[in-house]
Amino acid sequence: MNHRKFQRTLWASWLGFIIVLVIWQVVASVGIRDPLVFPGPASVVEAAIKNVPLTRLLEHIGISLLRVIMGFSLGAAVGITVGIVSGWYQKLGNVLRTPIEILRPIPPLGWIPLAIIWLGLGESSKVFIIFLGAFFPIFTNTFKGMVAIDPNIVRAAQTLGIQKNRLLFKVIFPATLPDIATGFRVGWSYSFGLVVAAELIAASSGLGYMIMHARELSMISVIMYGIILIGAINLITDYLIQEVFLKRRLKWHYIETAF
Amino acid sequence: MDTIAAIEEEKKGFQLSDRWIQIITTVAIIGIWELLSRSGLIKPVHLPSPTRVASTFFYIMREGYPQDITIFIHIKATVWRIIQGYLLAVVTAIPIGLVVGSHFMLERVANPVVTFARSIATISLLPLAIAWFGIGELSSILLITYGAFWAILTNTIQGVKQVDVTYINVAHMFGANQRHIFFRVVLPATLPRVFAGMKIGLGVSFMVIIAAELVGTVEGLGALIQQSRLYYRTDITIVGMIFIGLFGLIISFGLDRLERVMLPWAVGLEEVKR
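Top to bottom, those sequences are chains A and B.
If you're matching positions, the first sequence starts at 4 in this note's numbering and goes up one per residue.
If you're matching positions, the second sequence starts at -18 in this note's numbering and goes up one per residue.
Excised from the complex, chain A in its bound form:
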């Protein structure tokens, strides 16, 4: 896209949000529905400030994020390790990939009942679900990245007399990093949706619990507030992962593909 044209029309990005907010407020004010059932943006903010104290809110956010981070790091660690091992040792990889490919079509949420049977209603079942959500995309991308490396890179390194270990850690692993990064992003937003789902079904804290609890009390404004908050946190964390972390660490890769 033309960069100057992009800059000149930057105001348009905000216009979209303003239009949505205005329409939402107008529809709510006209009062086709009871404002308790369909609150406008103003009453959502008002109710949220009144009913959800900031400390409580931060607690919910903190707990949800902690769960995601625990499950995600576990999933990332195992996913990358198994992915690299599967790509490096072909036979062993085939053995490892068999159960993974069998289990992969089951969405992580389908594991919730079994996770509760195995691990109870506590933290570990939620972390397990998020682990699954992070593991599968990170594993798949790592493995795909390993086997899709340009053979010429490997051959060049071999021609220059590289040792096997160095070939893996200095050539193949760095070449796989962009794919791992893709897996990270997919896995992260996946994990984030999963923590909310897991908290809706069985939890007594966290953002998912907050909105499910608000439903029981019929506080629709709080539900809406929670939904928007969940979206915003997902967006912000995804941005942080992509811009601050990945683009800086993988500058050499993104320079080629940057628009």
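Please note: incorrect hints may appear among the correct ones.
[Said to hold, decoys possible] Part of the chain B face toward chain A, derived, beta carbon under 10 Å: (1) Ala35; (2) Val94; (3) Leu109; (4) Leu195.
[Stated by the list, open to error] Where chain B lies over chain A, by a calculated footprint (3+ residues, C-beta under 8 Å): (5) 19 to 27; (6) 114 to 128; (7) 198 to 206; (8) 216 to 226; (9) 233 to 243.
Just so you know, these hints were derived from the structure itself, not from any lab.
We put the beta carbon where it would ideally sit given N, CA and C, even for glycine.
Given chain A, put chain B in place with the hints provided.
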């Protein structure tokens, strides 16, 4: 393509084929699972033996769980919800995406809103859907629609935007009018991306429906695994998960096939993107 495989192959002569390794591994896993269950190391409440799961498999086809609701009724309920919600998303998202994608300013205005709407976890809308539409069909269908809608919309918009300008210029030079250009050039060039969005959307629909069914429905695969958990019928939960897995497999495989038949010119899209 397979670098490491190629390196390995140069070194070795005869070896077991991949297919056999997979079969042997699967059989070995089931065998170990059966042995562990029989020896009592794993309690049947936690993980019933494969033979138990197999017999439950047939039980659930004949008798059903809960009483008289056979697996086919569960599958039918889930499939029917997906079809309704998904189709609603397809017929709304594609036209909107085509219009938004072909107007620069419209796309600029819509883009942040779409990005935000997409990052809202669909499942988090469940409490709101229940509060508005009650627990039941309508809630789950609309949730599916929401999840699939944004996936299809973003991909359609991207598809239109990425149409090579050269194509349009060439069509112009040969005297094609606006309508011709849209239907004969832009639309076919956009379709592979639309299809990619539809694939993602169907995957999302499937995940959303399982989650929605876990909360308060009686029929459906999600309901089956949740209900059986409440009564510690782990064998039924596992059979339900097997069906969910098969279902997921059919969805991804079926769509890949369909894509190759319907959009032969999209072959190699994966390579182009790299």
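Handout entry: Earlier hints that do not hold, by number
Key = As far as the earlier hints go, only 1 is violated by this structure.
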